[in-house]
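Q: Could you put the whole structure together from the sequences, leaning on the hints where they help?
Listed in order, the protein sequences are those of chains F and P. The first sequence runs 30 to 163 under my numbering. The second sequence runs 30 to 163 under my numbering.
It is possible that part of the hints are untrue.
Identical chains share a label here; the pair holds if one copy fits it or two copies do between them.
[As the list claims (entries may be wrong)] With a Cα cut of at most 30 Å, we get these calculated BS3-like pairs of lysine-lysine:
(1) K54 <-> K135
(2) K91 <-> K136
(3) K136 <-> K35
It is worth saying that the hints were derived from the structure and are not from the lab. As the structure is a prediction and not an experimental result, all values here were calculated from the model.
Protein chains: 2
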Amino acid sequence: MTNDEKAVRAVIENWARAVESGDRKGILANHAEEMLMFDFPDVVRGIKAYDKTWDFFFDETKGPIRYTLRELLVTAGDQVAFATCLVHCDGTSAGALDFRLTTGLKKEAGAWTIVHEHHSVPTIEERFIGPGSK
Amino acid sequence: MTNDEKAVRAVIENWARAVESGDRKGILANHAEEMLMFDFPDVVRGIKAYDKTWDFFFDETKGPIRYTLRELLVTAGDQVAFATCLVHCDGTSAGALDFRLTTGLKKEAGAWTIVHEHHSVPTIEERFIGPGSK
Numbered sequence: 030m031t032n033d034e035k036a037v038r039a040v041i042e043n044w045a046r047a048v049e050s051g052d053r054k055g056i057l058a059n060h061a062e063e064m065l066m067f068d069f070p071d072v073v074r075g076i077k078a079y080d081k082t083w084d085f086f087f088d089e090t091k092g093p094i095r096y097t098l099r100e101l102l103v104t105a106g107d108q109v110a111f112a113t114c115l116v117h118c119d120g121t122s123a124g125a126l127d128f129r130l131t132t133g134l135k136k137e138a139g140a141w142t143i144v145h146e147h148h149s150v151p152t153i154e155e156r157f158i159g160p161g162s163k
Numbered sequence: 030m031t032n033d034e035k036a037v038r039a040v041i042e043n044w045a046r047a048v049e050s051g052d053r054k055g056i057l058a059n060h061a062e063e064m065l066m067f068d069f070p071d072v073v074r075g076i077k078a079y080d081k082t083w084d085f086f087f088d089e090t091k092g093p094i095r096y097t098l099r100e101l102l103v104t105a106g107d108q109v110a111f112a113t114c115l116v117h118c119d120g121t122s123a124g125a126l127d128f129r130l131t132t133g134l135k136k137e138a139g140a141w142t143i144v145h146e147h148h149s150v151p152t153i154e155e156r157f158i159g160p161g162s163k
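A: This is the structure in structure tokens:
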């Protein structure tokens, strides 16, 4: 693993730990002001709107938050990187869930910074489910 | 725009044009054998499984396929890149739809190659829809 891959991995793992501990400052750390998030239902633009999505996430939690990253795969150059993983989440008002996460990063002033997050739950709409799908 | 940004943009735009014209070879072009796709319902691993998802896409089309990329934003280093856009799609059995697309690329033997695609439709599940969402 290159140093850049290690650094990107650390940014993402630290972010997930911040989610688990409800550390709102830690969640926002290493994020660009002008970030773009594809959230489960919405397109979210900018760090303020991103911060707000966590109000809903932490509203009426049902117990300790679990936010476990599986199959974290980092592809990093020396200036741009992206990462993919599967997330198992539990403890929120939505109940246990598994979703997919892609993260896009840029090195800014020497530090890896998240400029994009794409969170999605597998669709349950019949019209999108082909014969090869479960 | 750097030459790498231009080249990545061209790969993605050519792919979208291939989708519109039903050019299955063009759709697969510039994709890594070991690619990872987060499809609407499923996690899809490898180019063969990816190819298969297009069988369902092109099954029982209702007219000409529209596959329009909006707000295509490319972040490219000299070895790794990612891109985000909103896609308007029409003409398939699923009817008109708007979804979000994130693409991850690596330069391989000098050519930009797609190693990751994350396609998602905004969720319609009530449990994920916060008060700030529409």
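Q: Could you work out which earlier hints the structure fails to respect and list their numbers in ascending sequence?
A: 2
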